[in-house]
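Undergrad: Line by line, the protein sequences are chains A and B. Position one of the first sequence corresponds to residue 20 (my numbering), numbered consecutively onward. Position one of the second sequence corresponds to residue 88 (my numbering), numbered consecutively onward.
Simulated from the structure, these hints should not be mistaken for lab results. What you are looking at is a predicted structure, and each value in this text was computed from that prediction instead of being measured. By construction, the Cβ of each residue, glycine as well, lies at the ideal position given by its N, Cα and C atoms. There's no promise every hint is true.
To give an idea of the interface, some chain B residues facing chain A are shown, with a C-beta separation under 10 Å as derived from the structure [unchecked claim]:
id, residue
1, SER141
2, ARG144
3, ARG146
4, ALA150
5, GLU153
6, HIS173
7, LYS177
8, TRP366
9, PRO391
10, LEU394
11, ASP397
Okay, derived cross-link-like pairs now, EDC-like style, lysine to aspartate or glutamate, Cα gap no bigger than 20 Å in a straight line [as the list claims (entries may be wrong)]:
id, chain 1, residue 1, chain 2, residue 2
12, B, LYS390, B, GLU431
13, B, LYS112, B, GLU153
14, B, LYS390, A, GLU122
15, B, LYS338, B, GLU153
16, B, LYS390, A, ASP126
17, B, LYS338, A, GLU147
18, B, LYS338, B, GLU117
19, B, LYS445, B, ASP194
20, B, LYS112, B, GLU183
21, B, LYS177, B, ASP281
22, B, LYS338, A, GLU146
23, B, LYS177, B, GLU327
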Amino acid sequence: MTLLLLVSAAWADSWGGLRQTAEILEPREFVVRLPTGRSALGVGPSTEVFLTPFDMIVGGPRLGVEQAVGQWGPLSWSLAPSLAQKLSLRRTGLRLESFLSIEQGADRLSLVVAPDLNLMRRVTLSEEASSAWSLDRTHLPVSLVYDHQWTDTIVRVAGKVGVIDEDRAFSHGTLSASWIQRLGRLHVELGAGVLVGRPSEQTFLGTYERLLVTAYPRLDLWWQGG
Amino acid sequence: MRALLFLPLTGCILSVRPLAFDFSKEEPSEALELTVEALEQSYAFTDWKALDWSQVRDRLAEAEDEDQAIRMLVEAIPDGHVLLEHDEDKGCPQAEGASGLLFSDTDDGEIVVALSQVEGVQAGDVLRTWNGLAPEAALDQQPLYCFPVGLATHERRRSGRVRLLGRGEPGATLDLVLERGGEELDLSVTLEEDAGDLREQLGLTLPTERISARMLGSDIGYLAVGWEETAISDAAVRRELRALWGEGARKLVLDLRNNDGGTDQTAANIAGVFTDRAWFYETITMYDRRTEEQAVISEVWVKPQELFWDLPTVVLINGNTVSSGEGMAMMLARFEGLTVMGFEGTAASFGSSGSTAKLPGGWTFTWPAGRSLDEEGQIQLDSDHSLAGGVLPTHRIPWTVEHRVGWAEDPVGYEIELAVELLEGL
């Protein structure tokens, strides 16, 4: 079972605090999510900047810009280039996320494509020291996220496939379903997630070949205002 | 969805995980039988080691008491991941007396005194008879079941028996005939209660520090890895190597002796500091209680890390280098420019530890639930039915009297000196 607690200042109509959509924050509107979530600030009619305190793969903060590309009726599209940097300057991650969302009444479907390049600056200690950048990991995950919203509730179903992960194609996928409930300033998300396959990511995940049904208790402090 | 990547912190694979039994409320004989049944069902290497559990039961039936029977179960399974622990560190009476003599065997088949605290006996004296028995016959009499860890190879089992020659029940007498320069020396030694740690006395030294480093002279660095867990370990290795290089180290002694393992990925990451390309490390399997078979759960690769140590390196190993410590040694032995050095091979025990049974009397018995497979899907490093396995030194220190005595006098420093000599000659 998945338990996700979101503590917020107030419920807002915006979906920005639950990012995985093409929605851009209004100018001066902001979302602060701590300790690990994506914090963002609207800086223009179709632009926001965002900061993720710690990217688990790179091992440092991620800073990016999300720019609305266009809106065609219920369809909206945004692009979000970002850069993650380990503070030792030995690892860098370049990512370009594409959010394509279609909204119909209380339903929203989002396609998220997020090509990711991780670079490593390797120091060689021989008689002399030298260093060179090299490609550490290429990753192309594609996610499909479906949200249905009632007044105080969102039901979310999401699937993700690792289309490319280093030198392998379609090596893993995840599927999750969750129930997000507004309780005043408290948002509670209850869900279940399953991982199938073997992502190359080693930091915490290992490379499981079997079904992995897991729990991830997470406390996310969320302040949205503007 | 991204949060799913945090899942393993608290996650589980439903049916694929080590087993945990509590037989402590059972009658001792029943608890032992239940443990053997659990092993028969789930032990990862029954076929590989050609274990016959009915023969194991017959052997246990010869035990004089329940404690000895539990110990004999450890002895019966040649696997360094088979462990016996006691809530109050209960010892083994048959090995708690010390003679003041440490024996060692040599390449020419002799058993010699390597260290002596007995008046009139010198290091290098050759054992001729032990309580009236020739040395080889005496070895067969030794209570190998006093080792709380399974000894996986012929080499390890023989070394264990040689160690036991100088020990026995407190108050017992050892009648020895030793030879020095063609002259025979008869002596009787009364074994005294040894207050020291039995594991240590039996040579099962445990590491005291995760990572330690220092300079050995002007251009040789020394780095010891006692165990490896989480990214803290491989980050510490990189940090210490940078510091050593900064102090002038252009050669390295990497000490994996007594390394008692850790997490496979961390071991692979540490090995990755010594190579500039990716290498397959292992496929991990685990007992699946649903199918009652081994199931593949994970694949681990050695990948280049943020630091590449591209300088001459001697890696020290010994029989206590076990589990992922052996995995590191296995990979380092394949890399160019590295020499693996030691008196003996590693513990030949590379399975996934973790299944347990609590037994009456405060005992806990542990055995491996999973295997490590090579790229062809074959079990790697764990000793097979012929009791061969582990990582063998590419530069084996000869078992001469001089080296055996030198090691006995300085178990930590002697091999380091030899490694330094080797590096200086490169």
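Undergrad: Take the hints in turn and mark each one as holding or not.
TA: We went through each hint and held it up to the structure:
{"no.": "1", "hint": "SER141", "verdict": "33 Å, violated"}
{"no.": "2", "hint": "ARG144", "verdict": "34 Å, violated"}
{"no.": "3", "hint": "ARG146", "verdict": "37 Å, violated"}
{"no.": "4", "hint": "ALA150", "verdict": "40 Å, violated"}
{"no.": "5", "hint": "GLU153", "verdict": "39 Å, violated"}
{"no.": "6", "hint": "HIS173", "verdict": "33 Å, violated"}
{"no.": "7", "hint": "LYS177", "verdict": "37 Å, violated"}
{"no.": "8", "hint": "TRP366", "verdict": "14 Å, violated"}
{"no.": "9", "hint": "PRO391", "verdict": "6 Å, holds"}
{"no.": "10", "hint": "LEU394", "verdict": "5 Å, holds"}
{"no.": "11", "hint": "ASP397", "verdict": "4 Å, holds"}
{"no.": "12", "hint": "B/LYS390 / B/GLU431", "verdict": "28 Å, violated"}
{"no.": "13", "hint": "B/LYS112 / B/GLU153", "verdict": "14 Å, holds"}
{"no.": "14", "hint": "B/LYS390 / A/GLU122", "verdict": "43 Å, violated"}
{"no.": "15", "hint": "B/LYS338 / B/GLU153", "verdict": "52 Å, violated"}
{"no.": "16", "hint": "B/LYS390 / A/ASP126", "verdict": "44 Å, violated"}
{"no.": "17", "hint": "B/LYS338 / A/GLU147", "verdict": "13 Å, holds"}
{"no.": "18", "hint": "B/LYS338 / B/GLU117", "verdict": "56 Å, violated"}
{"no.": "19", "hint": "B/LYS445 / B/ASP194", "verdict": "41 Å, violated"}
{"no.": "20", "hint": "B/LYS112 / B/GLU183", "verdict": "29 Å, violated"}
{"no.": "21", "hint": "B/LYS177 / B/ASP281", "verdict": "14 Å, holds"}
{"no.": "22", "hint": "B/LYS338 / A/GLU146", "verdict": "10 Å, holds"}
{"no.": "23", "hint": "B/LYS177 / B/GLU327", "verdict": "38 Å, violated"}
Violated hints for the displayed structure, listed by number in ascending order: 1, 2, 3, 4, 5, 6, 7, 8, 12, 14, 15, 16, 18, 19, 20 and 23.
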